[in-house]
Amino acid sequence: MSNIFRSNILKSQKRSFSEGTALFEEDTWFFFEIDAEEESELEFYLNHELKVYRDGEWLSGVLLEDGIIVTPYERIRIENGDRIQIKKNILYSLENLLEEISDDAFHQFTTALNNLGYSIYDSIFCHNHLVFLGNQKIKEGVNFITFDNGVEVCAVQHHFTYYKKKRDRFEFTLSTGRRIVIESFNI
2 MSNIFRSNIL KSQKRSFSEG TALFEEDTWF FFEIDAEEES ELEFYLNHEL KVYRDGEWLS
62 GVLLEDGIIV TPYERIRIEN GDRIQIKKNI LYSLENLLEE ISDDAFHQFT TALNNLGYSI
122 YDSIFCHNHL VFLGNQKIKE GVNFITFDNG VEVCAVQHHF TYYKKKRDRF EFTLSTGRRI
182 VIESFNI
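Residue numbers (this note's numbering): 2 to 188.
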């Protein structure tokens with residue numbers, strides 16, 4: 002599995018964008034997020050991937066200063082009241098964890114998570130114990146990850162043993178009481 006494959010999995014995740022409205026007040030651009038019902042300065046999202054809804058389609062680009070979005074083909078100026086989507090970030094600790102696990106474990110984890118109705122972008126907490134183990138020869142422990150899809154919460158325990166073989170065990174527990182366990186072994 003290549004980095005392109007992992008990247009494609011991440012791009013296909015639901016809820017990877019926050020949707021809202023662009024508002025221009027007192028010489029400042031704001032982003033009013035629909036789900037959060039709060040506003041933040043659009044300047045906070047400079048150089049982030051952003052989509053603007055125009056003429057019945059979403060146009061993708063990168064946000065620059067003064068409400069300008071640069072796409073591969075043109076520059077677009079955001080207008081007051083435009084519907085926009087801003088790419089969410091993955092929690093830094095979760096992003097590091099995903100880089101550490103094998104391709105097989107990554108695929109199994111994201112597939113199980115998606116099948117349960119969650120997205121990588123639903124993560125609200127991640128304790129990545131792997132980062133504390135540094136260059137130790139034997140790495141063993143548990144990572145804790147919490148996801149919230151707006152309906153239910155899912156707690157994941159990632160038990161790992163990395164020595165001559167890599168062993169990853171993911172235990173998913175939903176707030177409804179449903180539980181599943183998946184394991185990945187790599188020689």
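If you are wondering where the hints come from, they were derived from the structure by calculation, not from laboratory data. Treat the hints with caution; some may be incorrect.
[Stated by the list, open to error] Dumping the calculated PhoX-like pairs for lysine-lysine here, alpha-carbon to alpha-carbon at most 25 Å:
id, residue 1, residue 2
1, Lys166, Lys140
2, Lys165, Lys140
3, Lys167, Lys88
4, Lys165, Lys138
5, Lys52, Lys166
6, Lys15, Lys52
7, Lys140, Lys88
8, Lys138, Lys12
9, Lys88, Lys15
10, Lys167, Lys140
11, Lys167, Lys138
12, Lys12, Lys52
Hints, one by one, checked against the model:
1. At roughly 11 Å between alpha-carbon atoms, lysine 166 and lysine 140 fall within 25 Å of each other, so this suggested pair holds.
2. This hinted pair checks out: lysine 165 and lysine 140 have alpha carbons roughly 10 Å apart, not beyond 25 Å.
3. For the suggested pair lysine 167 and lysine 88, the alpha carbons sit about 32 Å apart, so the restraint of at most 25 Å is broken.
4. A C-alpha spacing of about 9 Å is found between lysine 165 and lysine 138, which places the hinted pair at or below 25 Å, so the restraint holds.
5. The suggested pairing of lysine 52 with lysine 166 is violated, with an alpha-carbon distance near 43 Å, which exceeds 25 Å.
6. Between the alpha carbons of lysine 15 and lysine 52 the distance comes to roughly 15 Å, so the proposed pair stays at or under 25 Å and holds.
7. In summary, the hint linking lysine 140 to lysine 88 is not supported, as the alpha carbons are separated by about 33 Å, beyond the 25 Å threshold.
8. Of the pairs offered as hints, the one joining lysine 138 and lysine 12 is violated, with about 34 Å between alpha carbons and a cut-off of 25 Å exceeded.
9. Annotation: proposed proximity of lysine 88 to lysine 15 holds, straight-line Cα distance about 11 Å (limit 25 Å).
10. A threshold of 25 Å between alpha carbons decides the hint, and for lysine 167 with lysine 140 the separation of about 9 Å falls inside it, so the pair holds.
11. At roughly 12 Å between alpha-carbon atoms, lysine 167 and lysine 138 fall within 25 Å of each other, so this suggested pair holds.
12. Between the alpha carbons of lysine 12 and lysine 52 the distance comes to roughly 14 Å, so the proposed pair stays at or under 25 Å and holds.
Figure legend: structure checked against the earlier numbered hints; hints not met, in rising order: 3, 5, 7, 8.
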